[in-house]
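*Asks:* Work out the full structure: start from the sequences and follow the hints.
There are 2 protein chains.
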Amino acid sequence: MSAPDSSKLSLNTATVREKWNLAQAIEGCARHGIRGISPWRDQVAELGLNKAVSLVKSHGLAVTGLCRGGFFTARDWRDDNRRAIEEAHALGAQCLVLVVGGLIPGSKDLPGSREKVKEGIAAILPEARKAGVPLAIEPLHPMQAADRACVNTLKQALDICDALGDGIGVAVDAYHVWWDPELEAQVARAGKKRILAYHICDWLVPTRDLLNDRGMMGDGVIDLPRIRGMVEGAGYAGFHEVEIFSKLDWWQRDPDTVLSTCKDRHARMT
Amino acid sequence: MSAPDSSKLSLNTATVREKWNLAQAIEGCARHGIRGISPWRDQVAELGLNKAVSLVKSHGLAVTGLCRGGFFTARDWRDDNRRAIEEAHALGAQCLVLVVGGLIPGSKDLPGSREKVKEGIAAILPEARKAGVPLAIEPLHPMQAADRACVNTLKQALDICDALGDGIGVAVDAYHVWWDPELEAQVARAGKKRILAYHICDWLVPTRDLLNDRGMMGDGVIDLPRIRGMVEGAGYAGFHEVEIFSKLDWWQRDPDTVLSTCKDRHARMT
Chain A
6 MSAPDSSKLS LNTATVREKW NLAQAIEGCA RHGIRGISPW RDQVAELGLN
56 KAVSLVKSHG LAVTGLCRGG FFTARDWRDD NRRAIEEAHA LGAQCLVLVV
106 GGLIPGSKDL PGSREKVKEG IAAILPEARK AGVPLAIEPL HPMQAADRAC
156 VNTLKQALDI CDALGDGIGV AVDAYHVWWD PELEAQVARA GKKRILAYHI
206 CDWLVPTRDL LNDRGMMGDG VIDLPRIRGM VEGAGYAGFH EVEIFSKLDW
256 WQRDPDTVLS TCKDRHARMT
Chain B
6 MSAPDSSKLS LNTATVREKW NLAQAIEGCA RHGIRGISPW RDQVAELGLN
56 KAVSLVKSHG LAVTGLCRGG FFTARDWRDD NRRAIEEAHA LGAQCLVLVV
106 GGLIPGSKDL PGSREKVKEG IAAILPEARK AGVPLAIEPL HPMQAADRAC
156 VNTLKQALDI CDALGDGIGV AVDAYHVWWD PELEAQVARA GKKRILAYHI
206 CDWLVPTRDL LNDRGMMGDG VIDLPRIRGM VEGAGYAGFH EVEIFSKLDW
256 WQRDPDTVLS TCKDRHARMT
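As you go down the protein sequences, you meet chains A and B in turn. Count along the first sequence from 1, add 5, and you get the number used in the numbering used here. Count along the second sequence from 1, add 5, and you get the number used in the numbering used here.
Certain hints may be false.
Intra- or inter-copy, both count: the list cannot distinguish identical chains.
Unchecked claim - With a straight-line Cα cutoff of 30 Å, these simulated DSSO-like cross-link-like pairs (lysine-lysine) come out: (1) K113 to K13; (2) K268 to K113; (3) K197 to K160; (4) K160 to K121; (5) K123 to K160; (6) K113 to K198; (7) K123 to K197; (8) K113 to K197; (9) K197 to K62; (10) K160 to K198; (11) K13 to K252; (12) K13 to K135; (13) K160 to K113; (14) K13 to K198; (15) K62 to K24; (16) K198 to K135.
The set of hints was computed from the structure by calculation and includes no laboratory data.
*Replies:* Have a look at this one:
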């Protein structure tokens, strides 16, 4: 593998959210020469959507995704996803990331919850198409099947895409899919058309928390160059978005150090 | 689903290992009318193999599995698995459970590690056949791919079985496979011939530890009657082995209470 193109680095703001608000993250990216950003909706709301749009624009950043729509098993999914699509449109986001939701609350019905997710995505897709916002289903690691996303493999996500047609694809997050024996085949199946985002970080051994113990690229066991090879081999030429939930480590550090480290590791370890 | 047959309950000794040694667990099972037991090899060694064999026999217990062989990515895998097969034979165990091992130490080569596992299983299978000890590959949850088992789905395990022929099958542990979108199809594929053991416990929400926070049947979100339906529908008529690693809860409790609870929950919640 040749080294990755440094202009493809993007920052998912979750990586620094404990210390920086969205305005600070935007300025930080610009200061470090990071060209892409992927904000979370609560941070956009805090800053104000118009202000967020203008700051992103004035700093010349690409919005590589908006986090997040989804949670189709929750009560208010319809209105919430409608607003998410509008915000993604306003920000010019390359996709709206869908974390689809886990089991229907109070239920153990996994097949039923998966069906509800599929119906929810089908229901919002026309509005997303009209707004020109591609929907990116993000399969989450099976350890989050109960509480965050019952779509847990690329195959599942792509089956939904194939059933629904255009305007929808996947976010491939190395952390969630690296273990999958079908990874290579499913990334190839996804192809340029369906891969809307590529997220990176690393799997730590041991992992001390199911949600918030992700590692910096190079500190764990994921063969990131191999996965980038698959994704680029499938035709994806977009950003590489760093998304690190790390309560015990990176969230405690100075965000400028975090961003320098992301740049260095992206260049050397991915 | 009709209620499960109470004579099918088996105790994996990990469930009470913090408070009971193997002799106590054997006596506890007999006292509670639990007819099957699945011991761990360190406990067998502590008690002495001959003593373990005679205690199991004198209490009339079925040994529903021996935990464990495997770890084919470790250095001493060959001798260790040879000994495990001998012990399983001496105990009359219905299978030797294989926890196959994670990544080759120091490596990020997941496909290579998986290949090494397959070669290791192929290498010990003739000895297992000669000893009359069926090998049960246990696919572990993907969250344990790096450090404990790089076989993470039933499909992977069954592909290995199909490549290797007779004398090998799978241990279906509801905790490890409940999330799998292919579960129903792969359990059916496995059939009576390949399903050598069925393990139960529950997935807690939230799960506070990747290894040792399993729940008692009924306390989590796994639809256990549905999975038993699949397994029995495929022709499996063996034991239902309770295996609960629970540092924060069940390991702290009086083992007699744990066993009563297992019996009650097995009858009502699985």
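*Asks:* Determine for every hint whether it applies to the structure shown.
*Replies:* Hint check:
no. : hint         : verdict
1   : K113 to K13  : between (41 Å within a copy, 24 Å between copies)
2   : K268 to K113 : between (42 Å within a copy, 22 Å between copies)
3   : K197 to K160 : both (16 Å within a copy, 27 Å between copies)
4   : K160 to K121 : both (17 Å within a copy, 26 Å between copies)
5   : K123 to K160 : both (14 Å within a copy, 24 Å between copies)
6   : K113 to K198 : between (34 Å within a copy, 29 Å between copies)
7   : K123 to K197 : within (22 Å within a copy, 33 Å between copies)
8   : K113 to K197 : between (36 Å within a copy, 26 Å between copies)
9   : K197 to K62  : within (26 Å within a copy, 62 Å between copies)
10  : K160 to K198 : both (15 Å within a copy, 28 Å between copies)
11  : K13 to K252  : within (26 Å within a copy, 44 Å between copies)
12  : K13 to K135  : within (28 Å within a copy, 57 Å between copies)
13  : K160 to K113 : both (22 Å within a copy, 23 Å between copies)
14  : K13 to K198  : within (18 Å within a copy, 51 Å between copies)
15  : K62 to K24   : within (23 Å within a copy, 63 Å between copies)
16  : K198 to K135 : within (18 Å within a copy, 53 Å between copies)
Hint check: no violations occur; every hint is consistent with the structure.
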